[in-house]
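**Q** Single-letter residue listing:
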Amino acid sequence: DVVLTQTPPTLSATIGQSVSISCRSSQSLLHSNGNTYLHWLLQRPGQSPQLLIYLVSRLESGVPNRFSGSGSGTDFTLKISGVEAEDLGVYYCVQGTHAPWTFGGGTKLELK
Amino acid sequence: EVQLQESGPGLVKPSQSLSLTCSVTGYSITSNYWGWIRKFPGNKMEWMGYISYSGSTSYNPSLKSRISITRDTSKNQFFLQLNSVTTEDTATYYCARWGELDYWGQGVMVTVSS
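So the protein lines, in turn, are chains B and H.
Going by the working numbering, the first sequence opens with residue 13, and the numbers climb by one from there.
Going by the working numbering, the second sequence opens with residue 4, and the numbers climb by one from there.
This is chain H alone, in the form it adopts within the complex (with noise of 0.2 Å):
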């Protein structure tokens, strides 16, 4: 069975970065896409990027260039880097197995206060 597990401090302060762990039991994730998204308070959804099967990337360009997306294979993780956070970045961040949209980790709360 496939899967996900996201993990990093729940509480942020303004302008510095926010750092998550997606760790990835059942599949490996040299195959397939790998994603970040997440869900503002309120119903706001927001697909943030993914890191493909090669470890090339996407990012969504509203998150210029304060995304990184990399991996770890020897341990099967993938991360997700945001840096320069403000209280904006206050939400639930997700992994998924991006395109098929079928596994979904449980959600982290990260709330980006001084």
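Chain B with its partners taken away, still in its complex shape (with noise of 0.2 Å):
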């Protein structure tokens, strides 16, 4: 199964500061169809995952424009430019490219 290491596993952080979350893959994501199937996941407390960026770098809809993804091959990144409260809860990137799909173990932001 394809291994997904995110770093760091907590974040501390104040409001308005930027952050990145990494997420590295043990074997290239790019598929032979072309598309790259590397996701981002937030789950705050008490709620049930919400999709931020799929395909690498594309943003949901209604997902605020603070939340950007990047990456390719083995490395990938999600960026939070401007923390805001909002924010807080686990990050997990997700990876369909090979079967099975696999989540990285967590990111968690905290407040500092």
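In short, the hints are calculated from the structure, not lab data.
Check each hint, because a few of them may be wrong.
As the list claims (entries may be wrong) - Derived DSS-like pairs (lysine-lysine); straight-line CA-CA distance at most 25 Å: (1) B/K120 with H/K16; (2) B/K120 with B/K91; (3) H/K16 with H/K78; (4) H/K47 with H/K67; (5) B/K124 with B/K91; (6) H/K78 with H/K47; (7) H/K47 with B/K124; (8) B/K91 with H/K47.
All of these numbers come straight from a predicted model, not from anything done at the bench.
Both chains come to you apart, so use the hints to assemble them.
**A** Structure below.
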């Protein structure tokens, strides 16, 4: 199975600070069809996961544009440009290029 | 608006079967893919499997022959059955529109304990 390694496991930030989360894959996530099925989810406390970014860098409808995704191959990054209080929770990368789908271990974003 | 709602028992005894229902409104399950995912105590998430618009299924090999996902298109519901559960199957179980990952149920916590 593809292993996704997220760092850091915990991130402390102040409101307005910009932060980045890394997701590294044990193998390339470039599919033979040219797509890279790497997505980012946020799970706020007490809520179900919410899709933020799909296909590496595409912003899901309704998601603020302070969220952005980048990367290719095996290295991917989620950036939040100016953390807001509502951004707190656990962030996951998830891949669907190789069966079975797998998740990163999660990054918990906390207020400093 | 697409909505998903999980339902089922919150407590299952070891060696028994876990059965959950996902009721979908606002969208037909004869389109797209529909999955089950679980989150263990802590942060670990696991994709369990999905059922497609045609009724075909795909499962996580880690669950081997213990898992079955079926559906009732007349009720717009799909189901999870996990056999021979152990305490390691204690988790919060979610259903979601799979592939898109854009719609999720609120989750149901299932504890495996005697």
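**Q** Which hint numbers does the structure go against, in order from smallest to largest?
**A** 1, 3, 6
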